[in-house]
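Colleague: Using the sequences and the hints, build the whole thing.
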Amino acid sequence: MISADIPLWASIPASILLVLGGLLAVTGSAGLLRFRTFQARIHAPTLGNTMGCGCVLASSILVFSALSARPVFHEVIITLLLVVSSPVTAMLLMRAATYRNRLTKAEADKDAR
Numbered sequence: 096m097i098s099a100d101i102p103l104w105a106s107i108p109a110s111i112l113l114v115l116g117g118l119l120a121v122t123g124s125a126g127l128l129r130f131r132t133f134q135a136r137i138h139a140p141t142l143g144n145t146m147g148c149g150c151v152l153a154s155s156i157l158v159f160s161a162l163s164a165r166p167v168f169h170e171v172i173i174t175l176l177l178v179v180s181s182p183v184t185a186m187l188l189m190r191a192a193t194y195r196n197r198l199t200k201a202e203a204d205k206d207a208r
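Following this note's numbering, the numbering of the sequence shown begins with 96 at its first residue and continues without gaps.
Calculated directly from the structure, the hints in this document are not laboratory data.
Treat the hints with care, since some could be wrong.
As the list claims (entries may be wrong) - Okay, the calculated beta carbon distance ranges per label pair:
id	residue 1	residue 2	range
1	L128	T193	19 to 25 Å
2	M189	S110	31 to 37 Å
3	N196	L127	34 to 40 Å
4	L118	L176	19 to 25 Å
5	R197	F168	43 to 49 Å
6	S124	R195	31 to 37 Å
7	N196	A99	33 to 39 Å
8	R131	V179	41 to 47 Å
9	T122	L175	22 to 28 Å
10	T122	L162	28 to 34 Å
Only a predicted model underlies this, so the values are computations on that prediction, with no experimental measurement involved.
Don't be surprised by glycine CBs; every beta carbon is placed ideally from N, CA and C.
Modeller: See below:
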């Protein structure tokens with residue numbers, strides 16, 4: 096546990112960022128359940144994942160910078176990896192799904208002949 100008290104100027108924005116990150120994650124999960132196609136389903140959680148984790152990491156930077164009385168940027172590396180990897184992974188999954196749907200339609204046309 097943290098034995099030091101977090102200053103008020105850091106705790107209020109950190110709390111807001113944590114709640115916002117949680118709301119974005121819930122919104123992404125709701126989009127995953129609501130949409131019907133794979134391409135639409137993967138879009139909402141990808142945005143919720145990237146933005147929600149970004150808010151949580153920004154909150155972590157703020158709190159630990161306030162506690163250590165110096166700028167803490169360890170979370171920036173995590174943020175950069177998340178911002179780069181999450182959209183790229185989603186794009187690759189969407190391309191694979193598009194390719195799979197194309198093969199399925201081609202096979203269906205072949206069987207119809």
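Colleague: Does each hint hold? Answer for all of them.
Modeller: Going through the hints against the structure:
1. L128 - T193: 19 to 25 Å: Given range 19 to 25 Å: holds, Cβ gap about 22 Å.
2. M189 - S110: 31 to 37 Å: Holds, at about 35 Å.
3. N196 - L127: 34 to 40 Å: violated (19 Å)
4. L118 - L176: 19 to 25 Å: holds (23 Å)
5. R197 - F168: 43 to 49 Å: holds (44 Å)
6. S124 - R195: 31 to 37 Å: violated (24 Å)
7. N196 - A99: 33 to 39 Å: violated (55 Å)
8. R131 - V179: 41 to 47 Å: violated (29 Å)
9. T122 - L175: 22 to 28 Å: holds (23 Å)
10. T122 - L162: 28 to 34 Å: Holds, at about 30 Å.
Going through the hint list in order, the structure does not satisfy hints 3, 6, 7, 8.
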